[in-house]
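J.: Each chain, written out:
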Amino acid sequence: MNAKAIAAWGIAAAVLVALAFAPSYLGPYGIGLMIGIAGYVTLATAWALFSGPTRYVSLATVAFFGIGAYTVAVLSESLPYPLVLLAAAAIGLVVALVVGLSTLRLAGVYFVIFTFGLAELIRQLVTWYEVNVTGTLGRYIFLDLGPEDIYWQLLALAAVTLLLAWWIGRSRIGLALKVIGDDEVVAAHCGIDIARVKLALFALSAVIITLVGAIQAPRWTYVEPAIVFNPTISFLTLIMALLGGANRLWGPLLGAVPLFLLFEWLSANFPNHYSIILGLLFIAIVFVLPKGVLAFTEKLWKRGRAR
Amino acid sequence: MTLFKRRHVLQTLGLGLATLAACGLTVASAEDRKSVRIGYAVSKTGPNAGGAGITTIPNYVLWVKDVNDAGGLELPDGSKLPIEVVEYDDRSSAEEVVRAVERLATQDKVDFMLVPWGTGFNLAVAPLFDRFGYPQLAVSAVTDKAPEFVKRWKKSFWLLGGGHDYARALAAVLVEANKAGTINNKVAMISIADGFGIDLVTAARPAFKEAGLEVAYDKTYPIGTSDFTPLINEAKASGADTFVAFSYPPDTFALTQQSQVTAFNPKVLYLGVGTGFPVYFKNNGENATGIMSLGGIDPNNQENAAYRKRHEEVTGQGPDYWGSVITYASLQMLQEAIKRKGLDREAVSEELSTGTFNTVLGETKLEDNQLRQLWWTGQWQNGQFVGVAPANRPGASKVVLPRQPWKAQ
Amino acid sequence: MIVTAILAGLVLGGTYALIAMGLTLQYGIARIMNLAYGDMIITAAFLAFALYSGAGINPLIGLAIAAPAGFILGYAVYALMMHPLVARAKDRVSLETDSILATFGLLFVIQGVLFVIFGGNYTSYSYLNVPVTILGTNIAANRLLAFVLAVVIGGLLYLALTRTRWGTALRAVAVSPSSAALVGIDVDRQARFAFALGGALAACGGVVISMYQTFTAASGVVFTMKALIVVIMGGVGNVLGALSAGLILGLVETFVATYLDPGLTLAATYLIFLVILLWRPSGLFGRSAR
Numbered sequence: 000m001n002a003k004a005i006a007a008w009g010i011a012a013a014v015l016v017a018l019a020f021a022p023s024y025l026g027p028y029g030i031g032l033m034i035g036i037a038g039y040v041t042l043a044t045a046w047a048l049f050s051g052p053t054r055y056v057s058l059a060t061v062a063f064f065g066i067g068a069y070t071v072a073v074l075s076e077s078l079p080y081p082l083v084l085l086a087a088a089a090i091g092l093v094v095a096l097v098v099g100l101s102t103l104r105l106a107g108v109y110f111v112i113f114t115f116g117l118a119e120l121i122r123q124l125v126t127w128y129e130v131n132v133t134g135t136l137g138r139y140i141f142l143d144l145g146p147e148d149i150y151w152q153l154l155a156l157a158a159v160t161l162l163l164a165w166w167i168g169r170s171r172i173g174l175a176l177k178v179i180g181d182d183e184v185v186a187a188h189c190g191i192d193i194a195r196v197k198l199a200l201f202a203l204s205a206v207i208i209t210l211v212g213a214i215q216a217p218r219w220t221y222v223e224p225a226i227v228f229n230p231t232i233s234f235l236t237l238i239m240a241l242l243g244g245a246n247r248l249w250g251p252l253l254g255a256v257p258l259f260l261l262f263e264w265l266s267a268n269f270p271n272h273y274s275i276i277l278g279l280l281f282i283a284i285v286f287v288l289p290k291g292v293l294a295f296t297e298k299l300w301k302r303g304r305a306r
Numbered sequence: 000m001t002l003f004k005r006r007h008v009l010q011t012l013g014l015g016l017a018t019l020a021a022c023g024l025t026v027a028s029a030e031d032r033k034s035v036r037i038g039y040a041v042s043k044t045g046p047n048a049g050g051a052g053i054t055t056i057p058n059y060v061l062w063v064k065d066v067n068d069a070g071g072l073e074l075p076d077g078s079k080l081p082i083e084v085v086e087y088d089d090r091s092s093a094e095e096v097v098r099a100v101e102r103l104a105t106q107d108k109v110d111f112m113l114v115p116w117g118t119g120f121n122l123a124v125a126p127l128f129d130r131f132g133y134p135q136l137a138v139s140a141v142t143d144k145a146p147e148f149v150k151r152w153k154k155s156f157w158l159l160g161g162g163h164d165y166a167r168a169l170a171a172v173l174v175e176a177n178k179a180g181t182i183n184n185k186v187a188m189i190s191i192a193d194g195f196g197i198d199l200v201t202a203a204r205p206a207f208k209e210a211g212l213e214v215a216y217d218k219t220y221p222i223g224t225s226d227f228t229p230l231i232n233e234a235k236a237s238g239a240d241t242f243v244a245f246s247y248p249p250d251t252f253a254l255t256q257q258s259q260v261t262a263f264n265p266k267v268l269y270l271g272v273g274t275g276f277p278v279y280f281k282n283n284g285e286n287a288t289g290i291m292s293l294g295g296i297d298p299n300n301q302e303n304a305a306y307r308k309r310h311e312e313v314t315g316q317g318p319d320y321w322g323s324v325i326t327y328a329s330l331q332m333l334q335e336a337i338k339r340k341g342l343d344r345e346a347v348s349e350e351l352s353t354g355t356f357n358t359v360l361g362e363t364k365l366e367d368n369q370l371r372q373l374w375w376t377g378q379w380q381n382g383q384f385v386g387v388a389p390a391n392r393p394g395a396s397k398v399v400l401p402r403q404p405w406k407a408q
Numbered sequence: 000m001i002v003t004a005i006l007a008g009l010v011l012g013g014t015y016a017l018i019a020m021g022l023t024l025q026y027g028i029a030r031i032m033n034l035a036y037g038d039m040i041i042t043a044a045f046l047a048f049a050l051y052s053g054a055g056i057n058p059l060i061g062l063a064i065a066a067p068a069g070f071i072l073g074y075a076v077y078a079l080m081m082h083p084l085v086a087r088a089k090d091r092v093s094l095e096t097d098s099i100l101a102t103f104g105l106l107f108v109i110q111g112v113l114f115v116i117f118g119g120n121y122t123s124y125s126y127l128n129v130p131v132t133i134l135g136t137n138i139a140a141n142r143l144l145a146f147v148l149a150v151v152i153g154g155l156l157y158l159a160l161t162r163t164r165w166g167t168a169l170r171a172v173a174v175s176p177s178s179a180a181l182v183g184i185d186v187d188r189q190a191r192f193a194f195a196l197g198g199a200l201a202a203c204g205g206v207v208i209s210m211y212q213t214f215t216a217a218s219g220v221v222f223t224m225k226a227l228i229v230v231i232m233g234g235v236g237n238v239l240g241a242l243s244a245g246l247i248l249g250l251v252e253t254f255v256a257t258y259l260d261p262g263l264t265l266a267a268t269y270l271i272f273l274v275i276l277l278w279r280p281s282g283l284f285g286r287s288a289r
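Residue numbers (numbering that gives the first Met the number 0), protein chains in the order written: chain A, 0 to 306; chain B, 0 to 408; chain C, 0 to 289.
Derived by calculation from the structure, the hints in this document are not laboratory data. Fair warning: this is a prediction, and the values are worked out from it, not measured in the lab. Keep in mind that a hint or two might mislead.
[As the list claims (entries may be wrong)] One side only, chain C facing chain A, incomplete, derived with CB under 10 Å: (1) S52; (2) I56; (3) L59; (4) D97; (5) L106; (6) I109; (7) Q110; (8) G111; (9) I228; (10) D260; (11) P280; (12) L283.
[Claimed, not checked] In the DMTMM-like style, the derived pairs of lysine to aspartate or glutamate whose C-alpha atoms are separated by at most 20 Å in a straight line are: (13) B:K218 / C:D260; (14) B:K150 / A:E129; (15) A:K177 / C:D260; (16) B:K218 / A:E129; (17) B:K144 / A:E76.
Every residue gets a Cβ at the ideal spot worked out from N, C-alpha and C, and that includes glycine.
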C-alpha cells in the first residue's frame, strides 16, 4: 500500500468519523436530511453495484425496499430488532435469487419493464395478502428508535456498501463484470459464468436495498403498501445513479448527494412549482452536458482528483 | 472527502449552497413578533393530491384569508397578529412529509403546524408533533385506534371517527329499512384494497352480522381498477337490495356511471369517498338523489351554509360534504384556543382538549381528544348531501328509501 | 355470464390498446422511450374537460381538436428535445438513457403545468354514458367508442405500415435506422412523423378516456405504465401486437374479477405480463432478436 492509498483510507475514515458525529452538531432537521442522503447514497450505490457494470437498468429497487420495510412492520413486535433486520435481509435474498434466476436472461428494456412489473406485482400480492389473510392493511411500527439510531445504521450500511463496491471493483468478479458489460459473448468465451456472476451481484444489491427499507421504516410509524412501494423511489435511485455515473465507485454518491439536496431545496422554496423547475432542470442536465452525464462526471472526477 | 465533494458539485451545478445555508439561518428571531407562523406540509402533487386538494388545502387557504382579512389571529391581550404561512409539498411521500415536518418545527420554528392529508401521513407525523410539542388536529384520518393514539401522543386530536362508527350507523339505517319492509336483509359489499376500504369493511362485517344482515357478496378490489362491470354484475346476481362500496373518488364516480349503464338499481346505494364532492352532484344531477355515503351536513345550519358559500367564493370550488367542514372547524378551534391561551402550545393543547368552541359545526367539544359529533351517514336529498345518522342528533334529516331507479340523463 | 365477461373484457382491453398504440410507435419507430407519454394523455383529457365544461364543446369535436394538437405537440417535442439527443447518441443504449432522463424531466414539467392550471383535484365529467345493448349485455357507449377507435386505428395503422411505401419506410427505420439511411430514407423525418403520430394517438386516447375515467394531474404515470406493459407484451413497434395485448389484458382482468377475485386483477395483469416476457422475451409478436 503506497502513501497515497494510505492517505485516501485515512481521509475516508476521518470523514466517516466526522459523519458519525453529525447528530451532535446538526439539529433534528439536519439529521433528517442526513438520513435521506445516507439512504439514497446507499440505494444508488447498491443499485449501481449491479446495474452499473451489467448495464441492466433495474426498476425493482422499491420492490426490495418495500420488502424490507414490510418485514420490519410485520416482525417488529415479535422479534428483537437485530433479528428483524436479519430476517429482512434473508427475505430480500430469497426473493432476489428467485427473481434473478428467472429474469436475468431478459435484456435491455424488457428487463427494465420486467423489474417495474415485479415491484407492482409484489405490492399487489402484499396488499391482497394483508386484505384477505390478516384483514388489516396499515401496520404500525412502534420501535424505540430515534432519528440518530436510524442515521447511524444507514451511515454504517452506506460505508459497508461503498467498501463492498470498492472491493468488487478490484476483485476478479469485478473484472468479469466489466467484460460482461462490454460484451457478453466475449465474456462467455473467456470462461466466465455469466449467470452466476450476475445473479450474485443482483442478490447482493437487492439485500442492501432491502436493508435500507428495513432501517428507514421505523421513521414512518405507519406502513402500508402505498407508502413503502412508492415507485418514485425506484426512479429517483435510477436517476441519481445515472446522473453520477453508475460505473464509478463514487458516481452514485456524486449523483445522490447533490440531487437530494436539490430536491430538498426546491421543495422548501418552490412548493408550488417544484415539479416544473425539477423537470426543466432534468432536461437541462441532459442537454447542457452534451457528451452525456457519465462523461461529465468523469471530468468532474478528474478535476476533483487533480486538486 | 464526501463533504468536500458535495460542496464542489453544488457549486458546479450553480445551485447556490449559500442559499441553502441561508434558509437555515433566516429563522425568525422571536423578539417583537409581527406575525404568527403557521406551517404545513400537504400533498400538493402525487397520488394524494386529489384528496388533499379538496378536503385540506382549500380550507387552509380559506382560513388564512378569513383570519388575515379580520386583522389576524387574536391573542389573549386583544392584540392581533397576521398569519404567516410556511407551506411545503410532501409529494405524497411518507419520508418527505416526515422531513418537511422536521423542517417546519426546527428550521422554520413555526408557532403551530397544520396536519397533512390522509390517515397514513397523519400517523407518520404524529410522533414528530408529539416530540416537538405541537398539537395535532388530525382531520382526514379515519381510525378506530384513536383512543390508543391519544394515550400515546397526548397532544393529538382525532376528528373524523373510526370505521366502526360509520359501519354501525349504516347497519342501523339498513336494519330500520329492513324492518319497514323496504329492503331485504341481503347486502352486497365491495371495498378498495387500501387503508380506508379495509378499515371500513372489517368494521362492517361484524356490524352487519350483529344487525342480522346477510352479506351476500363481499369482495375487495385494488387501487387503480377502472372497470367495475364484473363486480356490479356479481352484486346484481347476489339478489341483495343493498349495495355498499367503500370506494375512493375515481371508483365512486366510475361505479355511479357503470351502474347506470348496466341498469343496476339497488334500493340502497351507498358509495365511499367522492360521493360528497360537489362535482358528484354536478355530474349526476337528479340521479344523485337517494345515494348514501359517509358524512353529511345539517341543511338548516346557517353558519355552515355561509361557510360553504364563502368557500366557493374564495377558492373557486365548493367544499365536500364530509371532511371539509370538519377541517375548517378544526382551524376555528385552533384560532379560538389561541385567542384564549396565546401562543403557548402546551396551554393551547390543553384548551383544545377541554374547551368548548363555537365553530361552523355549531357548539363543538372534544371527548377524549376526539370529535364525536359527526354525521356517520348522509344522503343526497334536494341537491344537498344531508346527514341522516345518527338519527337522534339535532338537525338530522330523515332517510328516504328506497332510492329511485336511474333516470335517463 | 360468460358472454358478459368476454364483452366487458374486450371493451376494457380496447381502452388499453388505444393508449398503447401511440407509445408503440414512439418507442418502436422513433426509438424514444417516452416516459411523459401518459402525461400527454392526461393533457388531452384535461383539454377535453376544459372544452366540455368551459365552452360546452362536445368531446367528439374535442377529439378533432385534440388529435391535431397532439400531433403538433409530439412533432415539437421531437424536433426540439429529441432530435439533438438522437443526433448525438452513439448507440441505442445511450439514446435510451438520454431519452429516459429527458422525458422524465418532461413528465415533471407537464405534470407541474397541469397542477398549476387545474390543481390536484379529481376531474371527471360524464359523456355518452348511455347503454348500448350487444348480445343482451349493456355496454357504455363511451367505452365502446374507445374499443371501436382502438380497433379502427389499429387496423388502419397496420394496413398503412404493411401495405404502403411510407409504412415500409417507417418499418425500415424501426428495424435499423442506419441501414434505412443507406437506402435513401430520411430517418429523421420518419422518426419525427412517427413520434408526432404517437402524440396524436395519445391525445385521442386521452379525450376518449376522459369521458368515463376520473383523472388527476398525477395520473399520467399510471397510463404510461399500463401502455408500456401492453407495448412490451405485444412487441415493441408492433401495432397489431399492441392491439392484441391490450385486449388480452382486458380479458384477463375481467375474467379474474368475475371468476377468481377482483382483488387479484392487477396482480394477474403483472403476472401474465411477466410470464409472457419470460416465455417470449421479445413480446407476443416481437422479433426474436432485439
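J.: Check each numbered hint against the structure and report the violated ones by number, ascending.
T.: Going through the list in order, the structure violates hints 1, 2, 3, 12, 14 and 15 and respects the others.
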